[in-house]
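Peer 1: Sequence:
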Amino acid sequence: MFNGLATKLAMKKMGIPKNALDMSALTGGSSTEPNKLKKNPPGEEDADAANANGWPKWMTVKSLPLTAQAWLNPPPPPVPVAAECPKVGDLAPLDRDRKIEFGGGRRVLVVFLRCVGCAFAQKTFLALRTLANRHQQTLTCIAVSHSSEAATKKWLDLLGGAWNVQIVVDEDRSVYAAWGLGLGNTWYLFNPTTQIQGWKEKGWLGATVATSIQRTNTLEDRVKATAPPPKKPGMMRRATGEQQRQDELPTVEMEEEGPSTVLGNKWQQAGAWAIDGRGTVVWGGKALRADDLMDLDQGAKILGL
Numbered sequence: 001m002f003n004g005l006a007t008k009l010a011m012k013k014m015g016i017p018k019n020a021l022d023m024s025a026l027t028g029g030s031s032t033e034p035n036k037l038k039k040n041p042p043g044e045e046d047a048d049a050a051n052a053n054g055w056p057k058w059m060t061v062k063s064l065p066l067t068a069q070a071w072l073n074p075p076p077p078p079v080p081v082a083a084e085c086p087k088v089g090d091l092a093p094l095d096r097d098r099k100i101e102f103g104g105g106r107r108v109l110v111v112f113l114r115c116v117g118c119a120f121a122q123k124t125f126l127a128l129r130t131l132a133n134r135h136q137q138t139l140t141c142i143a144v145s146h147s148s149e150a151a152t153k154k155w156l157d158l159l160g161g162a163w164n165v166q167i168v169v170d171e172d173r174s175v176y177a178a179w180g181l182g183l184g185n186t187w188y189l190f191n192p193t194t195q196i197q198g199w200k201e202k203g204w205l206g207a208t209v210a211t212s213i214q215r216t217n218t219l220e221d222r223v224k225a226t227a228p229p230p231k232k233p234g235m236m237r238r239a240t241g242e243q244q245r246q247d248e249l250p251t252v253e254m255e256e257e258g259p260s261t262v263l264g265n266k267w268q269q270a271g272a273w274a275i276d277g278r279g280t281v282v283w284g285g286k287a288l289r290a291d292d293l294m295d296l297d298q299g300a301k302i303l304g305l
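Number 128 in full-length UniProt numbering belongs to position 128 of the sequence shown; there are no gaps in the numbering.
Keep in mind that the hints were calculated from the coordinates and are not lab data.
Here the structure is a predicted model, which is why all the values come from computation and not from measurement.
Among these hints, one or two may not hold up.
[Unchecked claim] Result set (DMTMM-like, lysine to aspartate or glutamate): computed pairs, CA atoms no more than 20 Å apart in a straight line: (1) Lys-123 to Asp-297; (2) Lys-266 to Glu-171; (3) Lys-266 to Asp-297.
Put together the whole structure using the sequences plus the hints.
Peer 2: Below, the structure written as structure tokens:
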């Protein structure tokens, strides 16, 4: 409509720029002015400012605090979650890596904890530790944590140590899966009973553990940044030119997708079982709610203690 020669001459005479009536900027189209004539041509930073979903590049899951990532959906375990938890009379399940073994005359009380920093996990662990100290010659107490080894250690230090409890770190949750413990639903965590008990509890240490882990990671990053690059061995200098060029190529580390599992996950189900000396389950099951502490004393009593 405004492309006629007479219109262009009239606009030029009145001092109106020829692109003043260009509506492409409003409709999302490209401007008629070539990039080479623009004062600020689009660069790589503008292209990387947003991803395909329209979110800025810096706004990723990994940039969230560790305490927030614990609420997100975690990656699935490397093995399928068992269809049901072991019942009384069943043989105790064996996980893929045999992190926990039963039988041989050992009476075992195994507890699968919620995430570190959880007040309910704290009360469960303290009850287990009391039993382990009381029956240290006759009962093997095992606590399974799906948080990282560093976070689990820090949490245990805040609680005064593991003492006679054996700690099994299962960050990929393969042992949990073998025992039929997957992710809980909304009711498992946000039912009225759990919420009321959550407000009453004072043992929420997740933020403290997260702060310690993040401070340690920051210190390690600074040490790596200031450390000199490692020197190649002398024999590498005699490598062929092609091999030497390949060795000098930078190593690209693949960034893990999904939320961090350092603090574990809030939705992970918990449970506890008592296993006799023949490896048979004699008590226990999955926690009904996040605040279900289960009666560990009852499990020890059934084992004859």
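Peer 1: Where does the structure disagree with the numbered hints, that is, which hint numbers, in rising order?
Peer 2: Violated hint: only 3; rest satisfied.
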